[in-house]
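Undergrad: Given the structure of chain W, go ahead and fit chain R onto it with the hints provided.
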Amino acid sequence: MKIKLDIVKYRWLCLCISAILLLPGICSMVYSMIVYDTHTPIRVGIDYTGGTTLQYSVQEAITNERLSAVRKGLESKGIENPSLQIINVNAANDDNLRAILAVRTKFIDEQSKDLESINSVMKSEFKSPELVQVASVGPTLGKELFKNSLIALSLALLGIIAYLTFRFQFDYALSAILGLVHDTIFVLGVFSILGLVYEVQVDALFVTALLTVIGFSVHDTIVVFDRVRENLKYYSKKMTFSEIMNGSINQTFTRSINTSLTTLITLAALYFFGGVTTKDFVLAMMLGILIGTYSSIFFCSTLVDIWEDRELSTKAVSA
Amino acid sequence: MKNKLVMFWAIVLIIIASIVTICVKPTKLGLDLVGGSRLVLEAQTTDTISHITPDMMSSLQFAIENRVNKLGVSETVVQRSGDKRLVVEIPDVSDLNQAKAYLGETAELDFRKPVMKNDSEQWVSTGLTGKDLNSANLSTNSQNGQWVVDLEFNSAGTKKFAELTKKMVGQQMAIFFNGELQSAPVIREPITGGRAQISGGDSGFAYEEAKKMVDLLNAGALPIPAKIIEENTVGPTLGADSIAKSKLAGAIGLGFVMIFMACYYRAPGLIADIALILYSIMLFALFKAIPVTLTLAGIAGFILSIGMAVDANILIFERTKEELKAGRTLFTAINSGFDRAFTSIFDSNMTTIITCIILYCCGTSIVRGFALTLAIGVIVSMFSAITITKNFMHLAFGTGNLKNPAMFGLKPEEIGEGFQAVETKREKAKFGILD
Chain W
1 MKIKLDIVKY RWLCLCISAI LLLPGICSMV YSMIVYDTHT PIRVGIDYTG GTTLQYSVQE
61 AITNERLSAV RKGLESKGIE NPSLQIINVN AANDDNLRAI LAVRTKFIDE QSKDLESINS
121 VMKSEFKSPE LVQVASVGPT LGKELFKNSL IALSLALLGI IAYLTFRFQF DYALSAILGL
181 VHDTIFVLGV FSILGLVYEV QVDALFVTAL LTVIGFSVHD TIVVFDRVRE NLKYYSKKMT
241 FSEIMNGSIN QTFTRSINTS LTTLITLAAL YFFGGVTTKD FVLAMMLGIL IGTYSSIFFC
301 STLVDIWEDR ELSTKAVSA
Chain R
1001 MKNKLVMFWA IVLIIIASIV TICVKPTKLG LDLVGGSRLV LEAQTTDTIS HITPDMMSSL
1061 QFAIENRVNK LGVSETVVQR SGDKRLVVEI PDVSDLNQAK AYLGETAELD FRKPVMKNDS
1121 EQWVSTGLTG KDLNSANLST NSQNGQWVVD LEFNSAGTKK FAELTKKMVG QQMAIFFNGE
1181 LQSAPVIREP ITGGRAQISG GDSGFAYEEA KKMVDLLNAG ALPIPAKIIE ENTVGPTLGA
1241 DSIAKSKLAG AIGLGFVMIF MACYYRAPGL IADIALILYS IMLFALFKAI PVTLTLAGIA
1301 GFILSIGMAV DANILIFERT KEELKAGRTL FTAINSGFDR AFTSIFDSNM TTIITCIILY
1361 CCGTSIVRGF ALTLAIGVIV SMFSAITITK NFMHLAFGTG NLKNPAMFGL KPEEIGEGFQ
1421 AVETKREKAK FGILD
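Heads up: the protein sequence lines correspond to chains W and R, in order.
Throughout the first sequence, residue numbering follows my numbering, covering 1 to 319 in sequence.
Throughout the second sequence, residue numbering follows my numbering, covering 1001 to 1435 in sequence.
By construction, these hints were calculated from the structure, which means they are not laboratory data.
Some clues are possibly wrong.
The list that follows gives simulated cross-link-like pairs (lysine-lysine, DSS-like), each with its CA atoms no further than 25 angstroms apart [unchecked claim]: (1) W/LYS147 / W/LYS106; (2) R/LYS1084 / W/LYS106; (3) W/LYS147 / R/LYS1227; (4) W/LYS147 / R/LYS1167; (5) R/LYS1113 / W/LYS113; (6) W/LYS9 / W/LYS237; (7) W/LYS106 / R/LYS1167; (8) R/LYS1070 / R/LYS1113; (9) R/LYS1325 / W/LYS238; (10) W/LYS113 / R/LYS1325; (11) R/LYS1411 / W/LYS143; (12) W/LYS237 / R/LYS1325; (13) W/LYS113 / W/LYS77; (14) W/LYS147 / W/LYS77; (15) R/LYS1247 / R/LYS1131; (16) R/LYS1247 / R/LYS1227; (17) W/LYS279 / W/LYS106; (18) R/LYS1131 / W/LYS113; (19) R/LYS1167 / W/LYS113.
What the simulated footprint calls covered on chain W by chain R, stretch by stretch (three residues with Cβ under 8 angstroms from a Cβ of chain R suffice, anywhere in the stretch; the number is not a length) [unchecked claim]: (20) 204-212; (21) 223-234.
The structure displayed is predicted, hence computed values, not measured ones.
Glycine included, each C-beta is placed from N, C-alpha and C at the ideal position.
One chain only, chain R, in its complex shape:
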């Protein structure tokens, strides 16, 4: 009995720790619950780049991080996934199209010169590119008030630009941005100051256009082109709706299960109900402590694991009832109920854990969230059934005889009526059977 009390206080301590964790730690909610955007970018090979190296991916990641930061949203995430993919997570994004436009564009600035080829004039790269820039700024043309982009070259760029303009006096020099001709002014004299300006040609730039170009140029060109291959965006309305409804569904589900258990299994059912509440508290605390990002699928896994946690209790109670029917004393019936149900609980939960591991390894992020919460749930449920329920049962019923069979939902005449197994001495010893 002393051990039982020690165990009881240990459980109380764990629960207090769990409640403190729940109060102190914030819940990490997934993008599908708070609203936000999850994009997967894949680096594309080009004619010149046939193989994507980890170095290229690192610089791509850096460039994308720069761009995402330009959106001015906090808690963005840019992660590598596999050999050539990046996962970008942007919470609370207000204008999704804007975000997407920023990510995919390569921001290639290219200065080109005219060359006569087959009787037609073509633009050929001069070797001066966006890499030679120090910074770009938004400003307006003092004469016509149009938006322009001011460029400032770095030292190497200044030198290159000065040499080029010296050679090309009287010629046109074209500025291409992402393969599109922006403007092609005629060079009147060599420019040595390391500054240039892009005007939007005859029609001029719209503000957004010029602003975007400046941002992209400052964030740096993508070292390799990248394409968005997967997108998942949830608006904040749907996210809030999902949270509210999942909470409601969880509460209703848990409530009905508890009513069922109390009605069907009587006193042990009530103990299981308490264990179930404690189980939910522990599990939630664990999610916060690890921390596990809760997604909608994750919450589904959580609620499903409640169903499975009950299963362990049901297995044990059914077995205890059988042992009582077989005429065992209450104490031994509870003990052997637990011991004999344990192999079933263990084997069946192992298969669930096996599937969870496989889901976690092969799945996408939604699937992973589900697998993780379910697996943690199953493990905690085994602990809860075997320690908490058993401990409470022993403390509540003591070592005496069962005086009131109705407490277990049994009729008095049923006791001792069941079939009795013929057990070896070793078996009896194992289950603590004294009769």
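The following block holds chain W by itself, in its conformation from the complex:
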């Protein structure tokens, strides 16, 4: 077997790189849990806290001064702690959708006059703002959605563990799961940092992105493991496990890179040319696929290798 990339030799280095990649995000998540009112590791949106988001499209650029003017105007009308976010729109040639200003407040119910107040503030600050999207989630429903998302995540993990244990051995399944935990923490970490710096909030769609990333990450890992399984059949007597692992990674290397590349191409097209509503969702998936490719080549296989090594040495000792 031709070996271009000796992963096994550098396995501790791989683990170090993983640690370096994950650490800033973990720090940010811990910091966020202390700082935010919601005590969540990432800034959660109205889907989970309850509240109302109004999105206005405006035809001019939004400067920071204008933003603070809007904020002042809203506060003078009795809107408490409005959160404002500018969403940049991919400029298409002819449309008048230049930028979107998202105003987030507490839940506005049918009786409340807050909507009219916000409308009037927007009209006084911008030339012709148009209310393009309203999203409202009641406070009790928010908690329910949060619970449901966590249930969905755990069920997905269990389902994948069960399937992998059924198709592969348990240690493979375990390292694939560790790999996707690795990927999930990375994506969560990046969004935690984005939340601190750019006030990016996550919604129900973000959980969808995470679950897709999980699926994709396992997908990548399986391709490598499948190859290991196949090679073990032919070479287990001639080569050590590490050699087989290395060979398998090298055999699947081009495929892993190319697959991620094509998926990234489609996602990048969505990010740069697609609609504004799904931008964060697509960003989460791009990050997840990048890290998923990394983890399936450098992280999961290293784990299995370390595991098998220990198995062998314990066997040798007991013999």
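TA: Positioned in the frame of chain W, the structure of chain R alone reads:
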């Protein structure tokens, strides 16, 4: 070779059927693409109603349907969701606040009489309510030209009203609408004709106010109070923008992927490109045939599944290249490339399908749209890679030897250089290896 040709024509037939479906069937677009409003109402328990029964929900649904129809918008949907929720979808709504005001209000009409309690006068219900009405109409007072609401009782209501007014001559009778006092006229004589009128008190009704009251009364009171707990409204501008941009993004994404495949994998890459176009056609036809309502998240799932469809092809080509390097003939290399890549493709797609199923079961409507399109996409992509690509490869390359390795992006000296697996006879037989 004969089987291959039969397969080829079967594929052609499927594609023709798909194209016909695409032309004939309309695309179902979600509210976030056409613009519209999606509201979730939750029935509320009150002091008197501690438990919400399915019967109550049915009558609530009926009442809400009545009200939504009053908006005069076509293709509205009112659906039950869970034990105590209703999902209301209203496309193309022009004035959202109006729609919301119509849905949440209970429309409780209540006739009350004065009773002295602890030295203060209080209004107590007489038992005559909006349920006793036959219809309500908008009209104007002939004397001062103000808007009034004319009420017509049903037979039971007429009887009740006649008895009440007989007892209460000389007294005030108050009319409450949704707990608010509208007017309290003094009864001068018994009213037996089954008709009454609500004036807006001293200030009178504004037209909108009176109109809304009439509509709500005619639509019927909600059997139980309901609150809007979730709302998602997209204006038509944003919807149109999303469609245009998703189309552009899809075309650009697909285009770049096709260029990449053709450059990297050469001849097989081109075949994969054709398969990819056919895949998109089949998938789109399937979405229309089922029909799947396309939302923005659904389109994202669709575009992502293109990426995954390519993956199957990449796995197969990489494997075929390896088999060629190991010195196999072209025909066996293609066959074993497909067979050996299949377990990888199957296992990895199964995990994606597992997550999709879970997302579909636990998710909200946005998430469901995504999960459904992605799952269908993954299943169709397996079919497309294993039948279409394989069939086209065999037809294009035949059974001969590989004369021009550059067609696969290989150098001539690479052929036969790879490591060779020592295979059992059974393995060889399975992969159709003849050498």
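Undergrad: Please go over all the hints and tell whether each is borne out by the structure.
TA: Results of checking the hints against the structure:
A threshold of 25 angstroms between alpha carbons decides the hint, and for W/LYS147 with W/LYS106 the separation of about 20 angstroms falls inside it, so the pair holds. A threshold of 25 angstroms between alpha carbons decides the hint, and for R/LYS1084 with W/LYS106 the separation of about 24 angstroms falls inside it, so the pair holds. Note on W/LYS147 and R/LYS1227: the hinted pairing holds, with a Cα-Cα distance of about 21 angstroms set against a maximum of 25 angstroms. At roughly 57 angstroms between alpha-carbon atoms, W/LYS147 and R/LYS1167 are farther apart than 25 angstroms, so this suggested pair is violated.
Straight-line distance between C-alpha atoms of R/LYS1113 and W/LYS113 comes to about 33 angstroms, which puts the hinted pair past the 25 angstroms bound. Simply put, W/LYS9 and W/LYS237 have alpha-carbon atoms about 21 angstroms apart, close enough for the 25 angstroms limit, and the pair holds. For the suggested pair W/LYS106 and R/LYS1167, the alpha carbons sit about 50 angstroms apart, so the restraint of at most 25 angstroms is broken. For the given pair, R/LYS1070 sits about 32 angstroms from R/LYS1113 by alpha-carbon distance, which is inconsistent with the 25 angstroms threshold.
As the CA atoms of R/LYS1325 and W/LYS238 are separated by approximately 21 angstroms, the hinted pair is consistent with the 25 angstroms bound. As the CA atoms of W/LYS113 and R/LYS1325 are separated by approximately 73 angstroms, the hinted pair breaks the 25 angstroms bound. A distance of roughly 60 angstroms separates the Cα atoms of R/LYS1411 and W/LYS143; the hinted pair therefore is violated under the 25 angstroms criterion. For the suggested pair W/LYS237 and R/LYS1325, the alpha carbons sit about 24 angstroms apart, so the restraint of at most 25 angstroms is met.
Annotation: proposed proximity of W/LYS113 to W/LYS77 holds, straight-line Cα distance about 10 angstroms (limit 25 angstroms). Taken as a hint, the W/LYS147 and W/LYS77 pair is broken in the structure, with Cα atoms around 34 angstroms apart against an allowance of 25 angstroms. Of the pairs offered as hints, the one joining R/LYS1247 and R/LYS1131 is violated, with about 52 angstroms between alpha carbons and a cut-off of 25 angstroms exceeded. This hinted pair does not check out: R/LYS1247 and R/LYS1227 have alpha carbons roughly 37 angstroms apart, beyond 25 angstroms.
Under the criterion of a C-alpha separation no larger than 25 angstroms, the hint pairing W/LYS279 with W/LYS106 is consistent with the structure, at around 24 angstroms. With a CA separation close to 31 angstroms, the supplied pair R/LYS1131 and W/LYS113 exceeds the 25 angstroms bound. Of the supplied pair hints, the one linking R/LYS1167 and W/LYS113 is violated, its CA atoms being roughly 43 angstroms apart against a limit of 25 angstroms. Requiring three or more residues with a Cβ within less than 8 angstroms of a Cβ of chain R, the coverage given for the region 204-212 of chain W holds, as 6 such residues are present.
Residue count for the region 223-234 of chain W with a Cβ under 8 angstroms from a Cβ of chain R: 5. That meets the three needed, and the coverage hint holds.
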